[in-house]
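**Student:** These are the residues of each chain, in order.
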Amino acid sequence: MTYSSELIKGTLKTIVLKLLADNKKMYGYEITQRVKELTLDKIQITEGALYPTLHALEADGLVTTEVEYIGKRVRKYYSLSPAGKVKTKEKVKELANFMETMISLLDIKPKTA
Amino acid sequence: MYCLCDEQIDFILNDLREHGIHTESLQMNLLDHICILIEQGLEEGGDFREFYTATIPSFYKQELRELEEETHFLLRSKGALALLSRSQFFLLLFTLFIGPFIAYDMLVFFISPEAGKMAHTLTAWSASLVFSLFPLLILVVLLLTPARFDPLIPRRAKILLGIDPLIRILPASDL
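From first to last, the protein sequence lines stand for chains A and B.
Per our numbering: the first sequence = residues 1 to 113.
Per our numbering: the second sequence = residues 114 to 288.
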């Protein structure tokens, strides 16, 4: 089962920021693959959602970039800026609170083995 | 693993440009992403054009330019306080125009002495009615103007309220 894009859209910035916090520097394709791997294919970030989000994070000063030339093409690596590190903590905390609220609101019982 | 030659990389880059990806940084990102997908997915001696044509639709819903538009939209939305539809924006304008008059009318109603309260209130409300006719007329004209004669706030446009700039019109093509 893969989650709908509507569900993922609101959490995409948080996902990207947390991945960058855990992996120092990453490029776009690497981010999509890491998310697939960590979620066992349940979350598949589309290129159409990822790259605009990365550009917005860069414009907000939350990530910094460096480029690597691979023959004729350029690979752009993203890493967290100091402001991005602070923001990541805030976003993860906010999402955790939100999830707790949703569990309580929807009366979801935790799975027992 | 398939190895892309310079001509194929140029082909991808030109195709991205032709399909509305003009931001250089976004071109770089997409080019690298597509190259990796082709290098990992296409077998040695495979058909590059066929594989490319089959791969690229997974990047968008209707058109590739959506990525460019989404990127611009997110960049423009920076620091935005609210995103309003055209009708919500007009409603807000109307409320701002007429709100002070309504507030004044209510004040007159409550502070007028009992003797002549009705007369005072009616006078104030009549004045408000006259003042409200002007913005109301503008609203009616704007709402009835055909889209082709409405370059200022086109139909389906969104209005972004922020601090700098205060108001930004986003045409439907940017959304």
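Keep in mind that the hints are not guaranteed to be accurate.
Computed far set for chain A versus chain B, every beta-carbon distance over 10 Å [said to hold, decoys possible]:
id	residue
1	M26
2	L38
3	Y51
4	K72
5	F98
6	T101
Here chain A is said to cover these stretches of chain B; the calculated rule only asks that three of the stretch's residues, wherever they fall, bring their Cβ under 8 Å from a Cβ of chain A [said to hold, decoys possible]:
id	region
7	157-166
8	195-201
9	234-244
Below are the DSBU-like pairs computed for lysine-lysine, each with C-alpha atoms no more than 30 Å apart in a straight line [as the list claims (entries may be wrong)]:
id	chain 1	residue 1	chain 2	residue 2
10	B	K230	A	K76
11	A	K76	A	K89
12	B	K230	A	K13
13	A	K25	B	K174
14	A	K9	B	K230
Everything labelled a hint here was simulated from the structure, so no lab data went into it.
Quantities reported herein were computed from a predicted structural model and do not represent experimental measurements.
All residues carry an ideal CB built from backbone N, CA and C; glycine is no exception.
**Student:** Which hints, by number, does the structure contradict?
**Tutor:** 3, 4, 7, 8, 9, 10, 12, 14
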